[in-house]
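J.: Take the given structure of chain G and dock chain W to it, following the hints.
Chains as they are written, first to last, in our numbering: chain G, 1 to 298; chain W, 299 to 750.
Errors might be hidden in some of the hints.
As the list claims (entries may be wrong) - Taking lysine to any residue and the SDA-like style, the derived pairs with C-alpha atoms no more than 20 Å apart in a straight line are:
| hint | chain 1 | residue 1 | chain 2 | residue 2 |
| --- | --- | --- | --- | --- |
| 1 | W | K589 | G | G148 |
| 2 | G | K73 | G | W163 |
| 3 | W | K569 | G | I149 |
| 4 | G | K232 | G | P202 |
| 5 | G | K63 | W | K569 |
| 6 | W | K743 | G | D68 |
| 7 | G | K150 | W | D511 |
| 8 | W | K743 | G | S69 |
| 9 | W | K735 | G | V70 |
| 10 | W | K546 | W | K750 |
| 11 | G | K150 | W | T509 |
| 12 | W | K569 | G | W163 |
Unchecked claim - DEER-style ranges, computed between Cβ atoms:
| hint | chain 1 | residue 1 | chain 2 | residue 2 | range |
| --- | --- | --- | --- | --- | --- |
| 13 | G | N127 | W | E686 | 30 to 36 Å |
| 14 | W | Q698 | G | F143 | 47 to 53 Å |
| 15 | G | S69 | W | L691 | 27 to 33 Å |
| 16 | W | S638 | G | A17 | 50 to 56 Å |
Unchecked claim - Here are some chain G residues the structure puts well away from chain W; computed CB gaps all over 10 Å:
| hint | residue |
| --- | --- |
| 17 | A82 |
| 18 | N101 |
| 19 | F115 |
| 20 | T118 |
| 21 | P135 |
| 22 | L185 |
| 23 | L214 |
| 24 | F231 |
FYI, nobody ran anything at the bench for these hints, they're computed from the structure. Using N, Cα and C, we set each Cβ at its ideal position, and we do this for glycine too.
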Amino acid sequence: MKMAARRRRAWKMNAFAWLLLLPSLIFLLVFTLYPVAGALKLSLFQADLGTPQPSFIGLDNYKSMAEDSVFWKVVNNNIWFAIGTVPTSILLSLLMAMFANKVMRARGLVRTAFFYPTVVPMIAIGNIWLFIYTPEYGMVSRFLETFGIKGPNWLGTPDLVMWAMIIMIVWKEAGYFMLFYLAGLQNISEELYESARVDGVPAWRVFWRITFPLLMPTTLFVSIIALTNSFKLVDHLWIMTKGGPENASNLLLFYIYETAFSFWDQGMASALTTVMIILLLVLAAIQFFGFDRRIHYR
Amino acid sequence: MRSMMKALIVICACAMFVVGCSGNGGAKPSESNAGSNGTATQTPAKETDKPAGEKVELSFYYPVAVGGPITEVIENMAKDFMAENPDITVKPVYTGSYADTMVKAQAAIQGKTPPDLAVLLSTELFTLLDMDAIEPLDELIAVDGGDEYLKDFYPAFLANGQTDGKTWSIPFQRSTIVLFYNKEMFKAAGLDPEKAPATWEELADYAKKLTKDGQWGLEIPSTGFLYWMFQTFALQSGDNIMTQDGKKVFFDTPENVQSMQFWRDLAAVHKAMPEGAIEWGTVPSDFIEGKTAMMYHTTGNLTNVKNNAKFDFGVAMLPKNKQYGTPTGGGNFYMFKGISEAKKQAAWKFIKFMTESERIAQWSIDTGYVAPRISAYETDKMKSYVQEFPAALVARDQLQYASAELSTHNNGKVSKIFSDAIQSVLTGSSDSATALKKAQEEADKALAPFNK
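Just chain G, with the same shape it has in the complex (with noise of 0.2 Å):
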């Protein structure tokens, strides 16, 4: 009796925590879940401009992505904008954060001038920046020419053409990761600095047992928002080099498109998506499972 008496509330308790999350799994479901369901049947078929019907070929579409030597590429570029965007636009935006809390004259002018880039939208962005690496009467080499360097071809070069976009994007991401350290700043209590200071703790100390921990949980959000972004960040490619030359500024989401809306291969776009999907996956599981349990939240 008591048992079932306590199951049944627990069925009710239940069933108001679905009825609540009910709205946002609609959404899930319809445009989230079912379109992956549908990339991940579509993967295992033959559905290109050569099959006018779609035909089940297993695992041949992630075969001869195995052997695309293009794949690779975009993958290994992919890892390494990562690596160029992520830890660097966090760092950048934690002291652009420390200094815009700390400044007392201008402040409006400084968190506007640090935001600004987070509102123009990514494709005049591509424009602007398109203008500034050109070669010949561009900015950088404007500027680069006064001390006599003849700037190089940014993005016509395939070994720099990476870095001029993963500057350009570190540019574009620090102000916005610095809207949520400014955040996680003021909610850290004053109390703590005042102790510290009448305790005669060093600055740096200061900043490595106090500021840096309890920012923790904003690191934590703040990282996952810049390395999803790394995989989602394509439109400048549009604009700025169509992930030339030689494929040397090639992203992974710019490649689905590629191929999905140029090459019309639909199979291998979709098994290209699955396989962004599982990387993603991962890393957030790594983060979530990893870091998450080493952080101090309040």
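T.: Same frame as chain G, now just chain W:
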């Protein structure tokens, strides 16, 4: 207690939202059915075959690929057409770039609501055929004079629309590649400003002479449409790089290796062109800014250069190797499969209207595209325009040496393979013979399913 209340309110709100959504969705069809008499323009009833005498409605996708108020021009042309044909309604839909238009058309085809008409790249022919999306136009052409009708179009422009002995598209906004040069820089370098380089040797020689600090002799874009630029050299040295049926490509012939080497040497040996990939879009601004004395670019830029260059410039045919040559480019009219007979007739009427000599001449003057019809150049409009601006004639004169643009089955993949190979040579990471051989092998693989 308060949190409980909040939760309840949230649930209520969500429930209302969901109900509201489904209510809307349910109401829509009946609403549109009821209103279809009054608001026919908003809900195209595609499936219904209209009885004779009723209005035919055409949806028409078009891209914009050059500067200027193109949408307005197209809308006005459609209005003129409707004034002439009161029983036909044309709905022009601006669909972004060529690539966007292709994606939208493909999405519409998969959704079983294809547009009736679209302007798409002439090179999309095989892709559209493989999608089983388009209708041949031969029967419609036959009624209007057949070969007589087609004869008025330049063969180089028709080439990309024909395969298997059928005509699948009608040329509309077309272009070729020409050489632009800065006459003042020619004078400064001691060259005759009225004489553009006519051969490869002269091109390399002039380019070297024109190169000095802060000024390049020549720029050939190499980020977009590389295969197109390459075709100029290939066609000047030998045959085209693919077959008319789009099943085979010839990337690694000795002539093409030599062509590739010549392009590479302009930067690597002659030092007359910037190293690395040169951005497609900045080449015209480099020319206008006086950063390069010569450029290879599409005729589509003629109006832009004419309006913005503050110096005297010349336009010339591309220099020859064994012969003159250039690929054509640009967009054609396609008619989609699965539309009713009445719509077919109406769509054909519209295509004919849009490509009438007078109209296409005006379109050419407005946009800088090359008019695809011979008779367009015999109109008074065009005659007075070219008298004032003879450079507009160069592209037409070059047409006798022009050939089809690279277009094959699996076209996106094949042209990407080729473009990557060209870029690897231009950036110095591979030599011509190796890169083209690799491209040939990969392209053969991409074309294998179509050669069974």
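J.: Next, verify each hint and record whether it holds.
T.: Do the hints match the structure? See the list:
no., hint, verdict
1, W:K589 to G:G148, "18 Å, holds"
2, G:K73 to G:W163, "16 Å, holds"
3, W:K569 to G:I149, "18 Å, holds"
4, G:K232 to G:P202, "41 Å, violated"
5, G:K63 to W:K569, "44 Å, violated"
6, W:K743 to G:D68, "12 Å, holds"
7, G:K150 to W:D511, "11 Å, holds"
8, W:K743 to G:S69, "14 Å, holds"
9, W:K735 to G:V70, "17 Å, holds"
10, W:K546 to W:K750, "12 Å, holds"
11, G:K150 to W:T509, "16 Å, holds"
12, W:K569 to G:W163, "26 Å, violated"
13, G:N127 to W:E686: 30 to 36 Å, "34 Å, holds"
14, W:Q698 to G:F143: 47 to 53 Å, "49 Å, holds"
15, G:S69 to W:L691: 27 to 33 Å, "46 Å, violated"
16, W:S638 to G:A17: 50 to 56 Å, "54 Å, holds"
17, A82, "23 Å, holds"
18, N101, "33 Å, holds"
19, F115, "29 Å, holds"
20, T118, "26 Å, holds"
21, P135, "6 Å, violated"
22, L185, "29 Å, holds"
23, L214, "27 Å, holds"
24, F231, "21 Å, holds"
Checked against the numbered hints above, the structure violates hints 4, 5, 12, 15 and 21; every other hint is satisfied.
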